[in-house]
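Trainee: Sequence:
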Amino acid sequence: MLKLDKINVYYGAIHALKDLSIEVKEGEIVTLIGANGAGKTSMLKTISGIVKPKEGAIKYIDKDITGSSASDIVKMGIAHVPEGRRIFANMSVMENLEMGAFIRKDKSEIRGDYEKIFEKFPRLKERRTQMAGTLSGGEQQMLAMGRALMLRPKLILLDEPSMGLAPIMVDEIFSTIQDINKSGTTVLLVEQNANMALSVANRAYVIQTGKIALEGKGCDLLKDENVKKTYLGG
1 MLKLDKINVY
11 YGAIHALKDL
21 SIEVKEGEIV
31 TLIGANGAGK
41 TSMLKTISGI
51 VKPKEGAIKY
61 IDKDITGSSA
71 SDIVKMGIAH
81 VPEGRRIFAN
91 MSVMENLEMG
101 AFIRKDKSEI
111 RGDYEKIFEK
121 FPRLKERRTQ
131 MAGTLSGGEQ
141 QMLAMGRALM
151 LRPKLILLDE
161 PSMGLAPIMV
171 DEIFSTIQDI
181 NKSGTTVLLV
191 EQNANMALSV
201 ANRAYVIQTG
211 KIALEGKGCD
221 LLKDENVKKT
231 YLGG
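Residues 1 to 234 (full-length UniProt numbering) are what the sequence shown spells out, left to right.
Honestly, the hints are just simulated from the structure, not real lab data. A couple of the hints might just be wrong.
Pairwise CB distance ranges (calculated) [stated by the list, open to error]:
(1) 109 to 64: 28 to 34 Å
(2) 14 to 213: 17 to 23 Å
(3) 213 to 90: 18 to 24 Å
(4) 123 to 213: 35 to 41 Å
(5) 99 to 199: 15 to 21 Å
(6) 19 to 88: 19 to 25 Å
(7) 136 to 67: 26 to 32 Å
(8) 64 to 166: 41 to 47 Å
(9) 95 to 70: 17 to 23 Å
(10) 64 to 213: 25 to 31 Å
Once the Cα atoms are required to be at most 30 Å apart in a straight line, the calculated BS3-like pairs of lysine-lysine come out as [said to hold, decoys possible]:
(11) 182 to 59
(12) 211 to 54
(13) 120 to 25
(14) 107 to 120
(15) 182 to 107
(16) 223 to 3
Owing to the predicted nature of the structure, the values given are computational and were not obtained by experimental measurement. Virtual Cβ for every residue (Gly too), placed ideally from N, Cα, C.
Input sequences plus hints: build the corresponding full structure.
Mentor: Below, the structure is given as structure tokens:
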């Protein structure tokens with residue numbers, strides 16, 4: 001479904017991604033783990049067109065999307081939930097969800113999708129008229145994910161969805177990620193909570209200083225001694 005082939009990204013003199021290659025197959029949850037500054041967020045921004053690679057190719061459903069604009073990539077069905085949630089704080093919950101559907105023309109189906117989001121996230125329904133900036137961190141993450149799902153994406157990119165959340169909320173977010181995947185959306189997950197991320201992933205990659213250092217099934221990497229020592233606190 002998605003293939004990155006020898007991607008190189010630079011920020012001035014800083015070589016952020018170095019010949020990075022990954023693949024995400026339709027229907028999978030693929031996780032990328034690594035330390036702060038390893039290049040995880042740069043990779044997601046490159047896929048979604050926010051950052052342009054200097055070299056390499058990105059293919060999505062057999063189409064070369066290297067260098068495509070962020071707006072065109074959204075229209076192709078790739079939704080990006082950025083690190084730090086980035087909800088519209090001065091707009092209501094409902095208005096945020098409406099923004100998620102801004103490129104859709106099927107108005108009658110959009111109404112039905114609002115209800116599906118409220119079924120998935122009942123707390124958002126209770127707070128539909130509330131200003132998004134007044135929600136808790138967990139509720140804001142739910143809203144960011146709900147807003148992305150209003151696009152009806154084929155592929156959703158999630159950047160650190162559990163960051164700063166209480167343990168009970170982390171469990172809820174990861175359960176929702178699995179539900180999103182079961183309902184037909186492919187997931188590429190960047191996450192510092194390596195234990196949780198690997199436990200839900202079909203496959204996973206470990207990134208170190210802009211390069212893929214290791215790849216394999218999520219369950220296999222959970223048992224890998226180097227991964228345990230470096231990322232799982234074991």
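Trainee: Now look at each hint and say whether the structure bears it out.
Mentor: Hints, verified against the model:
| no. | hint | verdict |
| --- | --- | --- |
| 1 | 109 to 64: 28 to 34 Å | 30 Å, holds |
| 2 | 14 to 213: 17 to 23 Å | 19 Å, holds |
| 3 | 213 to 90: 18 to 24 Å | 42 Å, violated |
| 4 | 123 to 213: 35 to 41 Å | 38 Å, holds |
| 5 | 99 to 199: 15 to 21 Å | 32 Å, violated |
| 6 | 19 to 88: 19 to 25 Å | 37 Å, violated |
| 7 | 136 to 67: 26 to 32 Å | 39 Å, violated |
| 8 | 64 to 166: 41 to 47 Å | 42 Å, holds |
| 9 | 95 to 70: 17 to 23 Å | 21 Å, holds |
| 10 | 64 to 213: 25 to 31 Å | 27 Å, holds |
| 11 | 182 to 59 | 24 Å, holds |
| 12 | 211 to 54 | 15 Å, holds |
| 13 | 120 to 25 | 25 Å, holds |
| 14 | 107 to 120 | 20 Å, holds |
| 15 | 182 to 107 | 25 Å, holds |
| 16 | 223 to 3 | 26 Å, holds |
In the structure shown, a violation is registered for the earlier hints numbered 3, 5, 6, 7, in ascending order.
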